[in-house]
Amino acid sequence: MSTPTPILEMKGITKEFPGVKALNNVSFRVNRGEIHCLVGENGAGKSTLMKVLSGVYPYGTYSGDILINGEVQKFRGIRDSEHVGIAIIYQELALVPELSVYENIFLGNEIRNGPVMNWNETIKRASDVLGRVRLDVNPGARIKDLGVGKQQLVEIAKALSREVKLLILDEPTAALNEDDSANLLDLLRGLRTQGVTCIMISHKLKEVIAIADRVTVLRDGQTICTLDAHQGEVAEAVLIKHMVGREIDNIYPPRAERQLGEVVLDVRDWSAYSPALGRQVLRDVNLNVRKGEIVGVAGLMGSGRTELAMSIFGNPLHYQVKGELVLKGQRRTFRSPEDAIKAGVAYVTEDRKGNGLILIQDIKQNITLANLREIARRSVIDANAEIKVAEGYKTSLNIKTPSVEQRVSNLSGGNQQKVCLGKWLFVKPDLLILDEPTRGIDVGAKYEIYTLMNQLVQQGMSILMISSELPEVLGMSDRVYVVSAGRVTGELPIAEATPEKVMQLATS
Amino acid sequence: MLSENLQTKGAGSFMQNLQKVLRENIREYGMFIALFVIMLIFAFTTGGVFLSSRNLSNLLNQTGYIAVLAIGMTLVIVIRHIDLSVGFLAGFMGAVAAIALVQWGLPTLVVVPMVLALGLLAGLITAFPVAQLGIPSFVASLAGWLIYRGLLQLATERTGTIIIPNASFNAIGNGFIPDIPGLDGVAPGIHKLTLLIGVVAVVLFIVNELNARRQKLAYGFDVLPNDIFALKLAFISLLVGGITWVLAGYNGLSWTVVIVLVVLGIYHFITTQTVLGRHVYAVGGNPEAAELSGISVKRIVYMVFGSMGMLSALSGILFASRLQSATTTAGTLFELDAIAAAYVGGVSAAGGVGRVTGSIIGALVMTSLTSGMNLMGVGIAYQYIVRGAVLAAAVIFDVSTRRAAR
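Chains A and B, in that order, are what the protein sequence lines are. Everything in the first sequence is counted per our numbering, starting at 1 for the first residue and increasing by one. Everything in the second sequence is counted per our numbering, starting at 1 for the first residue and increasing by one.
No lab work stands behind these hints, which were simulated from the structure alone. Certain hints may be false.
Unchecked claim - Restraint ranges, calculated between C-beta atoms of paired labels, are given here:
{"id": "1", "chain 1": "B", "residue 1": "R214", "chain 2": "A", "residue 2": "D339", "range": "37 to 45 Å"}
{"id": "2", "chain 1": "B", "residue 1": "I125", "chain 2": "A", "residue 2": "M503", "range": "50 to 58 Å"}
{"id": "3", "chain 1": "A", "residue 1": "M117", "chain 2": "B", "residue 2": "V37", "range": "46 to 54 Å"}
{"id": "4", "chain 1": "A", "residue 1": "A94", "chain 2": "B", "residue 2": "Q215", "range": "44 to 52 Å"}
Each residue gets a CB set at the ideal place from its N, CA and C atoms; glycine is no exception.
Next comes chain B alone, as it looks inside the complex (with noise of 0.2 Å):
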């Protein structure tokens, strides 16, 4: 009846319409629905567990420290660049914090800030040969490599594994935001805080989708149909209502989510409506005619590979705090995770092309695997090869929709 409608205005039919648009955004939308499929698959497999509040608490923290690298990695790529030094940098970042923590007595407010800016400039040290000398960064990052996971093990050889004791730094990656204070009576064992920031985080996505569809209008743009569009909203309402629906029967939010949502808006906002984000795109399409549009590809270059080093420390802490100790093989292999992440979320190797929520994305599908796999007993090889079966697999369909696209 619905549909039969908004045919009479024109509009086609709702299936019509819903094919239409998944068709011209299968790449926007592929990896939300993977993810989608994917978590369903394991809540069927796993008899529930997989969705059960508490696993869900856990999947989002564990995806806390690669998800940051995510985020800085995909600007990496995104102007044709690449660093694999971020990993053990993050280790020895995390060493660093434990370090200042227990051996020189130093509160957390003062560790953390202290940490990120040291990442922010072992960030800028990477960019020094490919800025100034035009270093591949492949080379120089692995030279990064190399010196973080030598410092690494200095900095840990004395002592091996650090314990940290402080619990402020170790709330980062294991506490959960405080409830609202004299409400306990209400509704026990359920997290108000963090139901209420769902709802308001939901009541705002859909102001904003309103009023972004009303300016559209406004202008004569085209805008998805009505129904379509409806179906977005309460898609996205009911998976963020949802979410916080089940994080809030467990523990509520844990400050690691927040962090990484805190970061994700920041680097969303500043890569989708700010000058500078566009500069960064402009460097990855086209360096030649970004440097000629009065871009400074070297500025660029510093600020991508900074904010890389500083999300990097940012890795360390989150990681460090989880553990309660930096370890002498912390930040292994987090890399080429951050990469794969990237890459799943539909960054372009050709520069120019990706978003940072898309790699949230991709960290999110790489982590429920994991996630899923290990709550089936799936062995550890076995996991391997179906991670790295669906990279490929989501590269493959990333490059042919492009082909396709075009």
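Pulled out of the complex, with its shape left as it was, chain A reads as follows (with noise of 0.2 Å):
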């Protein structure tokens, strides 16, 4: 049997940001009707080239070529490649929330006769396609009262309804609870038998050994290999070394012999509700931070983590909080953010661009903004203390930039964190807390961050570092809290803690 046109190739595929190159001559091949495995590490160009295949970074903004059943393709947009039949489902779901299940199934796409719509047909349809995506709902249901694994499928629902051929995940389960996650395979395992073709991207291995026919690794931008399952090819321990390129161990530099000190943060029978969310999204959480320590929080994305460092860090989001917050000693309620940083806490948050960085303005602007009476005499602020400070954080965390006036939406994510961690550096904080530091940046920046990390702590900084990378917090972890739905399910010493051990407890 003579190979078959594979229904994509991309080839020599090589894209540059300001800084950085993301990709790098990367090639890839998708056979029809398989399910095909894209890993790597963060920042290894994963999104990067699925975007260039949807069509988000257009023709011309890439070199190489992409070629579907052997054609070549010069997409200007995402509706040039929804054209050809690929849809790509983003982490971050792209639905309507306040428009009902088929609404957005048929958003873009509506069924109409002439310029009205034909509302009978579009449910009707809505509904046959949920069949076979096996979502038990009510059409007419508003997407913001699913949860997220329905509405991870009412997207694949969509995707279905334009008749897609080339099905494109990224991290489809990382929202996901094992059940929805299993459910979520299954039904992938169903469209392979139905003729769709389907792209993966995730970082659990172990969903993508039992489900992929082949695995394509990348690797700091660059194609490293592509196993054949088949073939016997595809083990846990051969993706992880393709993966990192080296031993695990040299991911994180080697650390002195700590010396931990008194309690700084002690938090006790910690709750919270969200009125804007409507539920409880912290109950009975304890925890503390010792002096010099990094004390890591594992948990899967919605499992409090984040709305556990918000109510510490002064409660922006107005949750109602009850319990204990005793920092240094003394018992504390803070009102703001503003309390907190007063009080010595500092929180590098995990959304950089959302609520981490004022993208438009320049480097020293951000990294002074949280500290400006530091530099500024009777509230006028001295420009030129401020590019002094700047400076010195952009040597001493080498930050790559040809001026600290650079605008920081022109940098790269590793340098933009840089920045991030500059600008509360700058505000000298016993307590550190580090909500997902190194995502989205490349292996060079982490390991300059969890250096920086290390020498942080041995001046008798505190980190509380909250982290979804699993290695990331065994990694670098003095002691390690596990959440899961707003509770924390364990407490480790890092010697006892395992992956297996923290994904369990993670998931109970």
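Put the two chains together into one complex; each comes in its own frame, and the hints tell you how they fit.
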């Protein structure tokens, strides 16, 4: 049997951003009717590759060729890629919460008679595709009333309604519990028998092994290899080896013996209710951090990790908080982030573009923002002192930029994260809360950040690190708390924390 | 010859430098150039009347009450809000001033601070639903628009237009600063104090620029090439010098211009040099990040709307004083003129970007268009269309240059 034309072939794809080569001569081949998994560390280039494929980065902004069924494609936008049957489902779902399921499924692809919507036909066809994804909901239900797992299925139904040939899923199970995940994988197998080709990006290697026909590994923007499951090439150890490209021990810098001091942060019976979400986000959390200690908080997305940080850091989202917060031996109530900062707490948020940085301002303005008093005399900013401070952090954190007057929107993810760190180090905190400190940044910058964390605790700072990357939590922490559904389900000294144990607690 | 000299220093030729600087700062200088071009065109089409002392003096006085609103509106738009109530608030505050002067017999020195305080209070009231309850400012200030319009009519209902006979109050909108006493014999027909102020301003500006340049060089930062820097100094000095010369040939600086310059100076200083200013732009750039950086977004909303209210009251005082009366329709459409001036001046609707100096230039552009077209005898209908086209062109220019900069 000669090799049939692959449904998709990407040849020599190179994509550059200012300062970073996100993709470097990547080749990627997907056969018709297979489930092809794309794996790699954060920042390896998986999402960028899929954005090139789906036309988010249009033809001309990258070099290389995209071939669908052997024909070269020049997508000018998402519409063009949809036209040839490509559908992409992102981690952040692209549904309109206030609209109904059927309206969402046919959004942008409305069934109509001339300018008038044909609602009856819409609802009937919506029911059909919902059946295909085995989702038993009323098509008239509003999206915001559905759980994340069901919303994901609606997204897939939406793709199916458009006669999708090539379905791309970007970490579809990241936000799902085990049942929903298993259900989703089952569905993908079902779609495979119906002739839908599927590309799945995933960090969960067990799922990859369970479902993939073939697996392509990306690392640092390059294709490392493509493995065939049916030849028995896919195994966890093999994948990890290709993904990290070196022995795993080397990712985390060595550290000196820690001298732990007194308890800096002590949170007792801490509960929080979110009026905006209408649910309890934290229940009876007990947690402490000592001087000079890195405490890891592990948990899945939506488990309450970020809510914990927010509720400690002056509660800007206005949860109704119960419990006791003791900082450096003093009982405190922070009414705003301002209070928390003054008391010596800093919080590097998970979403640096959303609520971490002011993208339209330059590096120096971002670094000094949380502590302008330090460089101001009687409320007047000393422009030269500001530049000096920024230059200092530029050097010590190795921020790669021609000038501290560069806009932060022009920086790469790693450098943006360093600006965030600089901003919060300038506050000179006793307790530094890091929320996903290395999300979406390259391996080199990661190592620098880990090294910095070790230096900081050496100097007597305390760090509370929230992370969904298990290796990071296990590699950096002295002690680990695991949260699930708003509760602390376990506290493990690092010697006892194994990936299996943490995962088990995180899903309990 | 000059350019050859510089080239040997590796600084590029004069024209290359000029092109490069203009390209890189097109947004910053664009409005100045536009204003300059508009003035030149009108000077030409009106046979020089547009640039006469009398017309220029009138033009600046007419700009005054919109200019102070545009300054406040700049900050409101920077923090991603809007305030529609300012026009009728200005009108109502003018009426309150007139009543206090005429019916209650209060002196100007009491009335002005009192009305400014009332304006501040009105601004804080608008801010309350916005800051506390998250009501969109468009809606909250639209309610204010209706309420102040009603209050203005109530205030002027019994008497109709209230004539203000108070000379000291009317001087605010019509008077000029006194000349240096005892120098009547020297150069008659020229306002010496105005000239002196102009010269001092130019000298201060040059000294200030040189100092800033020296400091930047000491830190090893980029500065403009020498020749372009000299050109910039010369251009601005000439502009300021030219305007003062023209004004000195008429009655000198008016009180309105002095007030606008003082307000502009204060706001420019606050927005560019102080912690408060930085907080305002941080809230405009990313409110969530600002809040998490320890900035109270609520407090900034109150301050910006409070300042807007106070400037509305000032605008009302300037207008009532200029007309020497409070009318039932005072303030109509001021809010839209102020918003237009701010946008022409380069404020971004997305928030976080915009300078008060830009908005003043924007206000001058809009009033120059009116004044110039009036002198040319262009019909009012065409004037609206032209001003609308200029507004659209300015915003399109702003957005496209911003995109190119990215």
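Here is how each hint holds up against the structure:
1. B/R214 - A/D339: 37 to 45 Å: holds (41 Å)
2. B/I125 - A/M503: 50 to 58 Å: holds (55 Å)
3. A/M117 - B/V37: 46 to 54 Å: holds (51 Å)
4. A/A94 - B/Q215: 44 to 52 Å: With a Cβ separation near 50 Å, A/A94 and B/Q215 satisfy 44 to 52 Å, so the hint holds.
When each numbered hint is compared with the structure, no violation occurs for any of them.
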